[in-house]
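Student: Protein chains in written order, with my numbering: chain V, 493 to 838; chain C, -15 to 221.
Don't read these hints as lab results, they were simulated from the structure.
Glycine included, C-beta positions come from ideal geometry on N, C-alpha and C.
Any given hint might turn out to be false.
[What the hints assert, rightly or not] Taking lysine to any residue pairs in the SDA-like style, the calculated list, with each CA pair at most 20 Å apart, reads:
(1) V/Lys514 to C/Asp165
(2) V/Lys765 to V/Ser811
(3) V/Lys514 to C/Glu27
(4) C/Lys55 to C/Leu81
(5) V/Lys514 to C/Arg164
[What the hints assert, rightly or not] A short list of chain C residues far from chain V (calculated; beta carbon distances all over 12 Å):
(6) Ile(-6)
(7) Ile112
(8) Trp130
[Claimed, not checked] Just a sample of chain V residues kept apart from chain C, beta carbon distances all over 12 Å, derived:
(9) Thr621
(10) Gln668
(11) Met724
(12) Ala729
(13) Phe748
(14) Arg764
(15) Glu810
(16) Thr812
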Amino acid sequence: MKYIFLIVLLTCLSLTSCDRKKVDTPGILVHPTTDQDAKLPRLVVNGIPLHLETYGDPCNPILICLHGGPGFDYKAMISESGIENASAYPDERLRSNLGLTRLADEYYLVFYDRRGSGLSPRFGAGKVTMEDQINDLDVIVDHFRSEQAGSCSQNREVGLFGWSFGGYLATAYANQYPEKIRDLALYEPRPFNNGLFDMLTLTSPMQQLGEDYVDEVFSGNTYVINNDHETMDYQWAVGATGDFFPEFHNPADLPFWRVGFRVNQEIDIDVRKRDFDVTSGLGAFAGNTLLLFGELSARDAASTEYIEALGAYFPRYESTLIEDAGHFGPWDNPIDVVDALRNFFN
Amino acid sequence: MNLHTIYQPIQRARLKFCSLLAFWFLITVAPVSAQSHFLLQSEKLNQVGVEFGLQPSPILRIQYGRQLPWKLASRTQAVGLSLQIGPTRALGDNIGLAANWELLLAQKGRFAVFNRLHAGYAQLDGHIYQARKIVVGDEVTAGFYWDRISVAAVLEYQHNLAVHLTHSDFYLETIYPGARDGWLSGVGGYVEAGIQGTYWIGQRYQVGLEISKAWTNRGEALSILPIHAVVRAGVLF
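Sequences are here, hints too, so could you generate the full structure?
Tutor: Below, the structure is given as structure tokens:
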């Protein structure tokens, strides 16, 4: 008995004497956010330091690029496969003119991580709503329009490019503020309502319990316990890099800095539960809308009827397919996406 | 006064009282024979069992338990080992080994309370990280054990004493190069609460089902799965 006691005691002592960091120390598992790292570029919006960068001449037409998720970030939009995954610190990047930043020759590009997402600050349960996301975007639109009004010869209108959930947000914004947006470009936007969702062909992660990444997500929950934002976002990186919704053809090398787990779970559930309205005011939107779909997604997930049903919400829309691309087209084929956007916004 | 209106409520009250009395008799006073729990057995002292289900990931668990010949403060006790694997993964990618010690804490008629302490090691190899953990835990089971069936409530707490992480090249190159490898402290644990039912086939074989829900030690949902469920089968010898 005394030997068992000695073994247990020695084990405990050795564990306590190891050099260990507390699991929720910022930067141990996941990238720190703007409120934890002063070196990250930001714009203070509604009192929150949102992770934000701009590219190009501030007097060019403004194009605000909205990432997907919810909860993801804009890293994939400014990186390029096989060339460089952009560092979160602009002065550490080696290459320029990657991804959508190619448009900086003609447009003043704004990329930002929404609150609770990417490298922007985190919030507690139930503290981030769809209304907050729309309001933050409105502040950003007004900010850059005011900047232009103050320092440029003419006031440029704002275009929005939204990718996946970013497309849903862009539509919601045009729905509420149709007069503030010139044109909308939406890459496979999240369906606007529950009825549209039913038209998609999607295999959920719950239907893939035999897949390695699903097993890793659930098993990992018992290793790094989801007690705080660091651990929640860390565990969600496992799921975010998996092949959820295989019909979307998720690329294995999709980069991101950090995924906001809480926002990812709560906002989508909330808009679904409320069947949040993002379309009733679109009749007043006088601009043009471009719907972009990856040809692989269009083949496997989104039928022609679905694309037409989506487009019918807009007074004027056109659609285009991006070759060799699924749901992550700006990463899969940024050159064709950039060309499509350039042709459309011009 | 209508006699019928007086008589019916009295009949209902008598029926309710008799039902309660019968229930109390069944669960507490009725003679104990071959009751449906390993530690309530007096002849077959070894048990081998297998479990399969979602807890929270798909798991396959093989267990062996043996009643000890001596009692602790007049209480029956047993020790055991279990091996857990992720059946959808390559062997070694999701595996754990634990030792446990179980004690019959209290018994009154058909009602019994058990406590199981366990300690173990587990590892998970994934495409983001390799994780190793040393865990300890305690599980209390309290319920009613008849000859053929049992129904019990289960409450378990499992604590990660230490967790070691080694990050993959993929995570470091694609997502976050600053991730730290090594031992982590303050990882926490989780609570699992549920209900289990067991049915005995003959004197030796049992099948069972447990449904539970888990929360982290700070009250967050442990995973996005709403419930865990495990089916089990065992044999005594």
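Student: Does V/Thr621 clear chain C by more than 12 Å, comparing its Cβ with all Cβ atoms of that chain?
Tutor: holds (20 Å)
Student: Can we confirm that no CB of chain C comes within 12 Å of the CB of V/Glu810?
Tutor: holds (34 Å)
Student: Does the no-contact call for C/Ile112 survive, Cβ to all of chain V over 12 Å?
Tutor: It is violated; C/Ile112 is separated from chain V by about 5 Å at its closest Cβ, not greater than 12 Å.
Student: Minimum Cβ separation between V/Phe748 and chain C greater than 12 Å?
Tutor: violated (6 Å)
Student: Has the given pair, V/Lys765 with V/Ser811, been kept, meaning a C-alpha gap of at most 20 Å?
Tutor: violated (29 Å)
Student: Find the nearest Cβ of chain V to the Cβ of C/Trp130 and say whether that gap is larger than 12 Å.
Tutor: holds (33 Å)
Student: Taken at face value, is the distance from the CA of C/Glu27 to the CA of V/Lys514 at most 20 Å?
Tutor: Roughly 49 Å separates the two Cα atoms, so the pair is violated.
Student: So is V/Thr812 really clear of chain C, every C-beta pair being over 12 Å apart?
Tutor: Check passes; 29 Å lies beyond 12 Å.
Student: Is the claim that V/Ala729 lies outside the interface with chain C correct, judged by CB distances over 12 Å?
Tutor: Label violated. Min Cβ-Cβ 6 Å, cutoff 12 Å.
Student: Against chain C, does V/Met724 hold up as non-interface, every C-beta pair farther apart than 12 Å?
Tutor: violated (8 Å)
Student: Starting from V/Lys514, check that the Cα of C/Arg164 is at most 20 Å away, please.
Tutor: holds (11 Å)
Student: Does the claim that V/Arg764 lies off the interface hold, with its Cβ farther than 12 Å from every Cβ of chain C?
Tutor: holds (15 Å)
Hints 2, 3, 4, 7, 11, 12, 13 from the list above are not met by this structure, while the remaining hints are.
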